[in-house]
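Those protein sequence lines, which keep their order, are chains A and B. Position 225 of the first sequence, counting from 1, maps to 219 under our numbering, and the rest follow consecutively. Position 227 of the second sequence, counting from 1, maps to 210 under our numbering, and the rest follow consecutively.
Derived by calculation from the structure, the hints in this document are not laboratory data. Heads up, a few of these hints could be off.
Said to hold, decoys possible - Below are the EDC-like pairs computed for lysine to aspartate or glutamate, each with C-alpha atoms no more than 20 angstroms apart in a straight line:
| hint | chain 1 | residue 1 | chain 2 | residue 2 |
| --- | --- | --- | --- | --- |
| 1 | A | Lys13 | B | Asp157 |
| 2 | B | Lys(-9) | A | Asp317 |
| 3 | B | Lys89 | A | Asp317 |
| 4 | B | Lys89 | B | Glu160 |
| 5 | A | Lys10 | B | Glu160 |
What the hints assert, rightly or not - Away from chain B, derived, C-beta distances all over 10 angstroms, residues of chain A:
| hint | residue |
| --- | --- |
| 6 | Val33 |
| 7 | Arg82 |
| 8 | Pro140 |
| 9 | Thr157 |
| 10 | Pro234 |
| 11 | Phe241 |
For each residue, glycine too, the CB sits at the ideal point set by N, CA and C.
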Amino acid sequence: MTDAVQHPQAAPSWLKRNKLAVAPWIFLIPALIFFAIYVVIPIFESLWLSLYEWNGLYGPDGESTAEWVGFANYAKLWDDPNFWTSLRNNIAWLILYMLAVPLGLFIALFLNQTVTGMRFYKSMFFFPFVISQVVVGLIFGWFYNPDFGVVGTVWKAIFCEETTNILGNVTFTCSRPAPDILSSPEWATYGIIAAGLWPQIAYCMILYLTGLNNVAADQIEAARLDGAKGWKMLWYVVVPQLKPATFIAVVVTVIGALRSFDMIAIMTQGGPFGSTNVLSHYMYEVAISEYGERYGYGSSVATVLFGIMLFFISYFLWRMYQDEKGGR
Amino acid sequence: MFPRPIEKSTPVARAAYQAFLPFALILWLLPLLAILLTSIRSAKDINSGNVFGWPSEFAIIENYTAVFTQSAAAQYMWNSVLITVPTVAISVALACLAGYALAIYKFRVALPLFFLFVAGNFIPFQILMVPVRDMSVQTGLYDTIAGQFLFHAAFQTGFCTLFMRNFIKALPFDLVESARIEGIAEWKIFWYVVLPLVRPAIAALAVLIFTFVWNDFFWANVLTQGESAKPITAGVRALNGQFVNNWHLVSAASLLAAIPPVACFFLMQRHFIAGLTLGAVK
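Whenever a hint applies, use it, and build me the whole structure from the sequences.
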């Protein structure tokens, strides 16, 4: 009896002894399996599939009809003008989308006050980020419409003269026709990017508002006593303290620029003549088109996009790794 | 505080600032206000070209009922609910477990695994598209609600785990340490010590994931074809084709699609912003 109390088990079981080594895996397994099935494995499948030609069909025996073509898909990409247009547009997105970071900071500085009703203004300025990009795309598609959109209406007010003919119908004579931004191969992409900037600026703004909230007041006061103000204060004292916010703003903006799909699908579907396509949309168009599925070719476009993204992801992870090392 | 608080400037500057605020807001939200105004116009206004001025009559009830009676909008909305709610539940639950494991235990692959989740969260959707679509077709999940929420849940687990892990890492480790000394089982520490403390993180993730998934458009196109499983974002696009030039109806439908995330944001603003700005301050 007493013996049993003193030694409930002669030797603790393997599980008990290794409890701290086993436990994390028990907690991790559900998420890992799920994440592996839907995210990790498909990445490698896509990479592999980009070396095949496949219409997505299976033979009667259940075998996929994919055919090995090696790097032929990539060779085809090299000669595909639509691919290069998409890539060029991706670069335009990346560069112009970055405007969201300074503009977001600018609005955050404008709103970083404590007058009555400020909370309301801050949340209303953030509003565009909450609504779906599909809705933003529709709003701007209509906004840009040369006939009955806001751009068209404003244009008419400035450049057009309203005349009523004998039948009483109102017609407009315009000194120059209203610009149809989304139908113009040169301007459509910029129109879409401008629309995309709207929610992205809101996102950057909220990041900076949070950052500004945590700027060390004593440093600002000290700098103020030293006579720093305006741009100098902003650039040398405030912006360095906003570094974490800037980092996140850049990360989400890069990701957002490369992920842009919804607005293009809604506003132009890549047109006119493929001039607004980006890799993400072109991939979708190629892989699932009316003319049958081209999974292999689509995967090669996706692989290129993935490669570009991987470059940024590696940098972000490296930065995070530096923080982890320094943090603890 | 930067910039210098406006209360410290002259009364004139303060008044000018206060007066300028609403003006700036209207300018900023102009596209949205325009569509809001359009959604309550009558068809007569649209046809006569009065699309920017004040509506000649208000057709708010007519327009919004027309969206529901003339299209499958109600079905789309309901589908969106059926997709987003399970996604939130699954991904947040999995992330609580995984985040706990990655934050509390010191094992060699903890950091690489964490980075795997982080990286997965940044990748372009297109690299997953073909295999996920093929897998869904093979398993009969194509064009179903379940097919969509399973994918979303798995994908969002990446972001949720990133969030949870960092949140739990910031908790005082002594809590876990002392519970261990007391001899409390590991799962009990998770359930009784850590889980009650991460409630704010759960709330933040719930509203964020709800919004992200509600607003998803890409996967709705990749994983569905008919009306039966389409969420409202893809539905709005379909309506846009159906209501050609009926801008008042398209506007009303778009705004309806935006209501749930907007409501979610305004009701849970603090959590929403805390979630989005995680890491923006040190």
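message: Does aspartate 317(A) sit within 20 angstroms of lysine -9(B), going by the straight-line distance between their CA atoms?
response: violated, 38 angstroms
message: Over 10 angstroms from every CB of chain B: does proline 234(A) meet that, or does the non-interface label fail?
response: holds, 12 angstroms
field: Interface-negative label, valine 33(A) against chain B, beta-carbon threshold 10 angstroms
entry: violated, 5 angstroms
- request: Mind checking the alpha carbons of lysine 89(B) and glutamate 160(B) for me, to see if they're no more than 20 angstroms apart?
  value: holds, 13 angstroms
field: Nearest-CB test (10 angstroms) between chain B and threonine 157(A)
entry: For threonine 157(A), whose nearest Cβ neighbour in chain B is about 14 angstroms away, the distance exceeds 10 angstroms, so it holds.
message: Check whether the Cα positions of lysine 89(B) and aspartate 317(A) lie no farther apart than 20 angstroms.
response: Measuring from Cα to Cα gives roughly 17 angstroms; hence the hint holds.
message: Run the distance test for lysine 13(A) versus aspartate 157(B): straight-line Cα separation, threshold 20 angstroms.
response: Holds, at roughly 19 angstroms.
message: Just to be careful, I want the Cα atoms of lysine 10(A) and glutamate 160(B) compared with a cutoff of 20 angstroms; is the pair within it?
response: Roughly 17 angstroms separates the two Cα atoms, so the pair holds.
- request: Confirm or reject the statement that proline 140(A) sits farther than 10 angstroms, beta carbon to beta carbon, from all of chain B.
  value: holds, 12 angstroms
message: At 10 angstroms, judged by beta carbons, does phenylalanine 241(A) keep clear of chain B as stated?
response: violated, 8 angstroms
- request: Against chain B, does arginine 82(A) hold up as non-interface, every C-beta pair farther apart than 10 angstroms?
  value: holds, 17 angstroms
The structure is inconsistent with the numbered hints 2, 6, 11, although it conforms to all the rest.
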